[in-house]
Amino acid sequence: MSGLAALLRRDLRLAVRLGGGAPMGVLFFLIVVTLVPFALGPDLALLRRIGPAILWLGALLASLLALDRLFAADHEDGSLDLILMSSVSLELAVAAKALAHWITTGLPLVIAVPVLALFLGIEPWTMGAVALTLLVGTPALTFIGTVGAALAVTLRRGGLILAILVLPLTIPVLIFGVAAANSASVGPVPFGVPFTILCGLTLISLVIGPFAAAAALRHGLE
Amino acid sequence: MPLLDLANPSRFLSFVDRVLPWLVVATIVVFAVGLYQALLVAPDDYQQGATVKIMFIHVPNAWLAMFCWVVMSIAALGTLVWRHPLADVAAKAAAPLGAAFTFLCLLTGSLWGRPMWGAYWVWDGRLTSVLILFIMYLAVLALWRTVEDPSRAARAAAILTLLGAVNLPIIKFSVDWWATLHQPASVMRLGGPTIHSSILMPLLIMGLAFMLLFLTLHLAVMRNEILRRRVRTLRLMQAQAGG
Numbered sequence: 001m002s003g004l005a006a007l008l009r010r011d012l013r014l015a016v017r018l019g020g021g022a023p024m025g026v027l028f029f030l031i032v033v034t035l036v037p038f039a040l041g042p043d044l045a046l047l048r049r050i051g052p053a054i055l056w057l058g059a060l061l062a063s064l065l066a067l068d069r070l071f072a073a074d075h076e077d078g079s080l081d082l083i084l085m086s087s088v089s090l091e092l093a094v095a096a097k098a099l100a101h102w103i104t105t106g107l108p109l110v111i112a113v114p115v116l117a118l119f120l121g122i123e124p125w126t127m128g129a130v131a132l133t134l135l136v137g138t139p140a141l142t143f144i145g146t147v148g149a150a151l152a153v154t155l156r157r158g159g160l161i162l163a164i165l166v167l168p169l170t171i172p173v174l175i176f177g178v179a180a181a182n183s184a185s186v187g188p189v190p191f192g193v194p195f196t197i198l199c200g201l202t203l204i205s206l207v208i209g210p211f212a213a214a215a216a217l218r219h220g221l222e
Numbered sequence: 001m002p003l004l005d006l007a008n009p010s011r012f013l014s015f016v017d018r019v020l021p022w023l024v025v026a027t028i029v030v031f032a033v034g035l036y037q038a039l040l041v042a043p044d045d046y047q048q049g050a051t052v053k054i055m056f057i058h059v060p061n062a063w064l065a066m067f068c069w070v071v072m073s074i075a076a077l078g079t080l081v082w083r084h085p086l087a088d089v090a091a092k093a094a095a096p097l098g099a100a101f102t103f104l105c106l107l108t109g110s111l112w113g114r115p116m117w118g119a120y121w122v123w124d125g126r127l128t129s130v131l132i133l134f135i136m137y138l139a140v141l142a143l144w145r146t147v148e149d150p151s152r153a154a155r156a157a158a159i160l161t162l163l164g165a166v167n168l169p170i171i172k173f174s175v176d177w178w179a180t181l182h183q184p185a186s187v188m189r190l191g192g193p194t195i196h197s198s199i200l201m202p203l204l205i206m207g208l209a210f211m212l213l214f215l216t217l218h219l220a221v222m223r224n225e226i227l228r229r230r231v232r233t234l235r236l237m238q239a240q241a242g243g
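As given, the protein sequences belong to chains F and X, one line each in that order.
Those letters in the first sequence? Residues 1 to 222, by the numbering used here.
Those letters in the second sequence? Residues 1 to 243, by the numbering used here.
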């Protein structure tokens, strides 16, 4: 257990000291949100109506961008092989790394939601719903993305294929996340129904993600 | 030529050590005068009441936000064209200051817009172009942090800065080109300022105060950056000698 805690602490410290992950993720989130009014026009009523969807898409793409750095640095300097050979179970090690990754890149996106909601003119109630669904949904995005990152770890230019691998798997999370966020403002569906399904999806990904990623790492690195 | 004399980092550091205390005092004095004039002497707007006084913070921040990019652009030319030794230090120092001024401009403008327009944010020409300026400041900062070697980072950031300078005339003329909620140009326009002197004077004093603030902070950050580079060089030399 202390090995896992050490791995978690190491990943957190590296992410904080190297920087880059959180600020660039939030900056990309901001840029995506800024691009939408350029494409759609400045109609605030329209932006308010599709605001939750824009925020969800922006968070999805931003967390996708940062997945590259989940295993790449460790693979390059050999730490990944050491983790594979250590006595710590690989599934738990992957889960620890994914948790550190979510804390340093996914959580800042959730914290940025209130500011970005201002840009889209979203009401406070809806903004709270978006923030809550993203808080529950971004771990799912990270853990599902871990599988793609593990599959692409040995590839040099893993960036785009990582996106292609991960995005279809994240569609259910996106559907129920946006449904829950929208139900706070419009629609007959109450908030609880899609939200509990979203929670379920996250819990499933917390289990399946590390197992699939560990299998991918074992096969990819042998 | 004084600019070439200051190109020597050690001489620049001693120059900053001599000049900086005076600049700090000057900044505090002009801020005190400006805030007194702005908050207590300038009259309330007949429509907006006392809320109009946010203008005395908002407008100088906007001026400084654009001015910082101009400083960065001149420094970029210094790096790419004239090869001035301290040009990249000046550019790297100006970037976070410009980002901060732009952020304050957006923040104060948003707080002013809520009581005036009923909205924290609208996507009109002026606000959107200043938001793009803020994003470009952050992009330059990201570039400085990402490229390891300082001189390569300087050249990359210089190119990005010069490309981004195209945004400045867009910001300036956005209130003319597009239908907008934002106040049209009232100070820097062809026919002269349209503001009454009782409001214009405090505004110009606050502008001067913020300019002195930028000057003070810029020199201080440049000094920090030069010292930081020396530490880095010493560490590299130590690592090479020890390893």
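I should point out that these hints are in silico values taken from the structure, not numbers from a laboratory.
All C-beta atoms, glycine included, are put in the ideal place defined by N, C-alpha and C.
Incorrect hints may have been included.
Here chain X is said to cover these stretches of chain F; the calculated rule only asks that three of the stretch's residues, wherever they fall, bring their Cβ under 8 Å from a Cβ of chain X [said to hold, decoys possible]: (1) 30–37; (2) 118–132; (3) 190–196.
Problem set entry | Unmet hints by their number, sorted upward, for this structure | 3
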